[in-house]
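Trainee: Residue-level listing of the chains:
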Amino acid sequence: MVLLILLCVATFLLVAAAAVAVSRRTGAGRVVYGACLAIAGAALVCALFAGRESETVLPLGIPWLAAHFRLDALSRFFLVLIDTGAAFASLYAIGHGAHEAEPQRVLPFYPLFLGAMNLVVIADDPYSFLFAWELMSLASWALVVAHHREAGNAQAGFVYLVMATFGALCLLLAYGLLAGPQGGYAFSVMRLGELDARRAGLVLALVLLGAGSKAGLVPLHVWLPLAHPAAPSHVSALMSGVMTKVAIYAFIRIVFDLLGPPEWWWSVPVLTLGAVTAVLGVMSALMERDLKRLLAYSTIENIGIVFLALGLALAFRANGMPEAAALATCAALFHAFNHMLFKSLLFFGAGSVLTATGERNIETLGGLVQKMPVSAFAFLIGCMAISALPPLNGFASEWLTFQTILVSPQLPQWGLRLLVPTVGALLALAAALAAACFVRAFGIAFLGRPRSPQADVATETDRFSLAAMLGLVALCFLAGMFPGVVIDALAPVTKLLLHGRLARQTTQPWLSIVPIAARNSSYNGLAILTFVLVSAGIAAVAVHRFGSSAIRRVPAWDCGTPGLGPATQYSGASFSQPIRRVFGPTFFRAREVVDMPPPGDLRPARIEKYSHNLVWETLYLPLGSAVTAVAGRLNGLQYLTIRRYLAAVFAALVLLLVALAAWQ
Amino acid sequence: MHGFGFDVAHMLAGGLVLVSLAMLYQDRLYSLLNTLALHAAVLALSVAWQADIQDAPHLYITAAIALGFKAVAVPMALRRMVFRLGIHREIESVVGVGFTMLAGIGLIALSLVVMLPATTHADPLAREDIALALSVVLIGLLMMVVRRNAVSQVAGFMSLENGIVLAAAGAQGMPLVVEISVAFSVLIAFIVIGIFLFRIRERFDTVDVQALDRFRGERR
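Respectively, the protein sequence lines represent chains F and W.
Following my numbering, the residues of the first sequence are numbered contiguously, the last one being 664.
Following my numbering, the residues of the second sequence are numbered contiguously, the last one being 220.
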């Protein structure tokens, strides 16, 4: 089966090569995206129906070492995730790609990106892994800078490239430590190796840096809100929905599979980083005006949730609680899958809005629910799913995460027993803020009256884009209604990683899921949906029967001042103001300045708000200026005489030899 | 085989180090080139002895190359070059002979300290050889750093290469291909450096590389 996947990857690469040739012709986009859709579909079918584990060794890459590929349960799950996202993004792009001004900058890299992501999860040795990983980074970088002339995109590309290089370097070092001095090359050799505690901790730190920088863990997330929105929308969906999951795959593969049995304290940094990431991500999303950047920040939040669940899984696994660990892993993977679904959906919606209005700033949108009803419906479902409203899929996975947190009192370490509830509270905060964030996003962008002429003339998007969005809506519903099916499908993964699994869920009556025991908790999406439908139906009937039965259009109440413009509407900034006032001074050093003209002055009063990106200003700017300063100093080294160069080489050699002698 | 063969090999390698130190001391170009020839001759002897005690006939070829090429051809060519450049009377002001010699002795001590513990499991013959070869290499580098005259830098480079060959011969079984390619690379380096020497002289009327520094506006 792994050969079939490799064949798909090869076809992706062929399509990429062909796209270079044909990308300037009209209609090339449809062909390329159609081909990508077909290949992603084929890979998805292969991954879904792959039987037992299969592996292969190809004579590629470094001579005499060959490239190892393997398809196990974990790779299969991530292949399903990647190719589902890829298929929907390609379907969306068949329609959406027609609006691309310079398709030759996008078409060749898109199949390359898809192929590389597929390749990462089947790689079975560090060389193939890192090769595919870097291919993925570079292809996505090319897509990020596809519109490099737009303001900020070139900088976004640069920051992304620096962070991607840093992440790959960390992963390289982690693999180096895993391989050890004997140089165990393939993953199968690394799995058997045993590392001492110090070295294993170092590998964990490096993987957190390497995979975390790609996934968007705070404080390595700075590139993500810049780069994800800069790409074309279908690529943004892939980067946010799928590529961050590849980073999660890397983390799981190394920490759960290759690194051996965990210590309990490993979970502490993962939990803390996950919780901080979730809260900071959603807080930034709530303050954001740019629709696509808002979605990117929300991606950071969801990555935080996934890492939090993975941290719990580490804690349970270290304490020999395989079932709880399986629950946590299930929650993490399920949430990763769900996030792929609804984040792709939301980015598709944002892309449709962007093509319809040319605007990404939600303060200039509004009233789109009338102009783009189907897109608005799909976006609404996406918002509900990401806000974890039952019976949609986001609720199911976040509920599982909370169930995991509720098991934590059984942990023996006091530190964890205290930490996990704190983290749980942060998670609850993040979930609530996420709901607020998406109420704001949907409400300001789609409801009310158009705030700009562009929003007023928007039209519904094309059929392919709508098909992709509605397909994802259906999947969001299905995954939310039948979470038991997904949990059962995850059983081989947890069995592979943790040698434990949850009880079979599909045999539960009435499609309930019971992760631990029926007396603890159970969830039934069907019942909730029925309840929602019935109560909403009753409410609708009651409103229409006892309230007004016809739609009446009357002038809005205007305090006696007729002719209220759209600018008087509630805006995104006003919606987020209470939360900004509460958390802003701490998290963003935000302040508001009211400029009130004196009596008699006719200029308008203004309220200015200032906020700071603290991570960027306290971590990255000093680092950047330090690098610049050092580089300025070292500049002199370029202009030495040959004798001084020789002397430098000689001095370095002697110094190293002295160090060696002292070491011995 | 451990007794006499080992002692002779040790003596020859030590002799190479001694000649290296002697090269550091020379301040006239002709005597420097003579010492370089002696250096290569000792190397040839050493490699030939290795060939004998290791029963490795291809090392005889290496020894022959060292003797014919490095001990005779290159010093002669350099000698002609020096003559044509008209610098055979020049006395090179070596920066502090005493200091340089002390530094050379320090380097020998350093390479022994580094190499002997690092190669505990190796054949004792190879151990001594490699340690002494490292000191020859380091002294060659030191020579390139402290000399100002381009010709003496070439001599330092050649002695450095001799050290590498000594290490390779001691390590039992450097393939002949590698040996020949190293020899060729040295030849090419020699030609390139020779051409540059004349170019420098044409431009600046001297082969003192300080002229280059002055041309570049460097302050010392």
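A portion of the hints provided could be inaccurate.
Label-pair distances were calculated between CB atoms; the ranges are [unchecked claim]:
| hint | chain 1 | residue 1 | chain 2 | residue 2 | range |
| --- | --- | --- | --- | --- | --- |
| 1 | F | Val57 | W | Met101 | 56 to 66 Å |
| 2 | W | Met101 | F | Ala652 | 21 to 31 Å |
| 3 | F | Gln664 | W | Ile105 | 12 to 22 Å |
| 4 | F | Leu656 | W | Tyr60 | 34 to 44 Å |
| 5 | F | Gly193 | W | Tyr25 | 51 to 61 Å |
| 6 | F | Thr618 | W | Tyr25 | 53 to 63 Å |
| 7 | W | Phe196 | F | Leu637 | 15 to 25 Å |
| 8 | W | Phe196 | F | Ala652 | 37 to 47 Å |
| 9 | W | Ala211 | F | Leu656 | 56 to 66 Å |
| 10 | F | Gln638 | W | Ala211 | 20 to 30 Å |
| 11 | W | Met101 | F | Ala662 | 21 to 31 Å |
I should point out that these hints are in silico values taken from the structure, not numbers from a laboratory.
All C-beta atoms in this analysis are idealised placements derived from N, C-alpha and C, irrespective of residue type, glycine included.
Trainee: Are the hints correct? Go through all of them and say.
Mentor: Hints, one by one, checked against the model:
Hint check: F/Val57 to W/Met101, Cβ distance near 58 Å, so the stated range 56 to 66 Å holds. Taking 21 to 31 Å as the suggested C-beta distance range, the pair W/Met101 and F/Ala652 conforms, at roughly 23 Å. In this structure the hint that F/Gln664 and W/Ile105 lie 12 to 22 Å apart at CB holds, the actual value being about 21 Å. The hinted window of 34 to 44 Å between F/Leu656 and W/Tyr60 holds, with their beta carbons roughly 35 Å apart.
For F/Gly193 and W/Tyr25, the hinted distance range of 51 to 61 Å is satisfied, since their beta carbons lie about 54 Å from each other. Between F/Thr618 and W/Tyr25 the CB atoms are about 59 Å apart, so this pair conforms to the stated range of 53 to 63 Å. With their beta carbons about 22 Å apart, W/Phe196 and F/Leu637 fall inside the hinted range of 15 to 25 Å. At roughly 25 Å, the beta carbons of W/Phe196 and F/Ala652 sit outside the given window of 37 to 47 Å.
Distance hint check for W/Ala211 and F/Leu656: the Cβ-Cβ separation is about 32 Å, which falls outside the suggested range of 56 to 66 Å. Between F/Gln638 and W/Ala211 the Cβ separation comes to about 21 Å, which falls inside the hinted range of 20 to 30 Å. The hint said 21 to 31 Å for the Cβ distance between W/Met101 and F/Ala662, and at roughly 24 Å that hint holds.
Violation of the numbered hints given earlier is confined to hints 8, 9; the remaining hints are satisfied by the structure.
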